[in-house]
Amino acid sequence: MRINTDAIDDQTVVCRLAGELDAYTAPDLRDTLEEHVRSGVAWIIVDLGQLRYLDSTGLGILVGAAKQCRQAGGDLAVACDRRNLLKIFQISGTQEILNVVADVEAAHARLQELARGRETGAGDAEEGT
Amino acid sequence: MSSKTANTVKLVLPGRSEFLQVARLATGGAAARAGLSVDDIEDLKVAVGEACTNVVDHAFPESTDEDDRRITLRMTVGRDEITVEVEDEGIGFDPAELERGRRDSYDGDGGLGFWLIKELTDSVRIESAPGSGTRVIMVKRASR
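Taken in sequence, the protein lines are chains A and B.
FYI, the numbering for the first sequence is 11 to 139, going by my numbering.
FYI, the numbering for the second sequence is 7 to 150, going by my numbering.
Where hints are given, some of them may not hold.
To be verified - Residues of chain B clear of chain A, computed beta-carbon distances all greater than 12 Å:
{"id": "1", "residue": "V15"}
{"id": "2", "residue": "R22"}
{"id": "3", "residue": "A32"}
{"id": "4", "residue": "G41"}
{"id": "5", "residue": "D49"}
{"id": "6", "residue": "K51"}
{"id": "7", "residue": "N60"}
{"id": "8", "residue": "F66"}
{"id": "9", "residue": "E87"}
{"id": "10", "residue": "E95"}
{"id": "11", "residue": "G119"}
{"id": "12", "residue": "K124"}
{"id": "13", "residue": "E133"}
{"id": "14", "residue": "S138"}
Unchecked claim - Cβ pair distances, simulated, as ranges:
{"id": "15", "chain 1": "A", "residue 1": "D113", "chain 2": "B", "residue 2": "A135", "range": "30 to 36 Å"}
{"id": "16", "chain 1": "B", "residue 1": "F25", "chain 2": "A", "residue 2": "D41", "range": "29 to 35 Å"}
{"id": "17", "chain 1": "B", "residue 1": "D100", "chain 2": "A", "residue 2": "Q105", "range": "49 to 55 Å"}
{"id": "18", "chain 1": "B", "residue 1": "E68", "chain 2": "A", "residue 2": "A82", "range": "30 to 36 Å"}
{"id": "19", "chain 1": "A", "residue 1": "G103", "chain 2": "B", "residue 2": "S149", "range": "21 to 27 Å"}
{"id": "20", "chain 1": "B", "residue 1": "D100", "chain 2": "A", "residue 2": "P37", "range": "46 to 52 Å"}
None of these hints come from the bench; they were simulated from the model.
Source: prediction; values computed, not measured.
For glycine and all other residues, C-beta sits at the position ideal for the given N, C-alpha and C.
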């Protein structure tokens, strides 16, 4: 499996996966995503447009990375329009926690919306004191 | 009429994660021979992938020699139907534990594999007991 990472703006990266994500290739993805969070990048898009296979091992990596991003003040979104992969998200009930949307543009918009929502939430807290 | 064994493909794989793709490719080929659709084949590949991953991850103690870690895949090709058996000679387990771990949505803590197998196949049966190895028998029929 290949993983290519590009910066999409000054705080967001997109990791594009190509190939198959299984127990053999999942550690590479886990290491890549953990390294991003460690280096201060907490807004991550995972693009599955060229991914042919996903099972519970890869799903676990994505859910774990989403949790780490949130703990770091960011979030993770998955860009996916492949029917067979969407079925896995649907069966596992992870579409919301992984912010699964159709493409990278929608994923970026989703993360920006989440970022704005958190800023608004922080502002409301200050007004209440 | 062909006998069951005449339409059975048997594959013995090393029980290591780098061979999971081989299991999936073989499953895809056999399922196509059985007349399953592309969507059905993709479902079955995940189910078989999950069963094989469970062997790699759980069937053998760490002390087991690599040569002794094997996955036996048996695929019986029918008309619009395929039966896939994933077997190992590992430590076995109590299948009732799988039902106890069921949940409605996944939180990343494991246990999703068997749930996916159930959802992506038409039937699944597990034969196992502690110390006796494991056999997972899955049936997938062509969608109407």
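Hint by hint, here is what the structure shows:
1. V15: holds (20 Å)
2. R22: violated (8 Å)
3. A32: Fine: 14 Å to the nearest Cβ keeps A32/B off the interface.
4. G41: The claim holds: G41/B sits with its nearest Cβ about 18 Å from chain A, beyond 12 Å.
5. D49: violated (7 Å)
6. K51: The claim breaks: K51/B does not keep its Cβ more than 12 Å from every Cβ of chain A (closest is about 7 Å).
7. N60: Label violated. Min Cβ-Cβ 10 Å, cutoff 12 Å.
8. F66: holds (14 Å)
9. E87: For E87/B, whose nearest Cβ neighbour in chain A is about 20 Å away, the distance exceeds 12 Å, so it holds.
10. E95: holds (20 Å)
11. G119: Per Cβ check, G119/B is inside 12 Å of chain A; nearest 5 Å; violated.
12. K124: violated (9 Å)
13. E133: Holds, since 22 Å exceeds 12 Å.
14. S138: holds (24 Å)
15. D113/A <-> A135/B: 30 to 36 Å: Roughly 48 Å apart at Cβ, these two residues miss the hinted range, so it is violated.
16. F25/B <-> D41/A: 29 to 35 Å: violated (21 Å)
17. D100/B <-> Q105/A: 49 to 55 Å: violated (32 Å)
18. E68/B <-> A82/A: 30 to 36 Å: This hint holds: roughly 33 Å between Cβ atoms.
19. G103/A <-> S149/B: 21 to 27 Å: holds (22 Å)
20. D100/B <-> P37/A: 46 to 52 Å: violated (29 Å)
Taken one by one, the earlier hints fail for this structure at numbers 2, 5, 6, 7, 11, 12, 15, 16, 17, 20, listed in ascending order.
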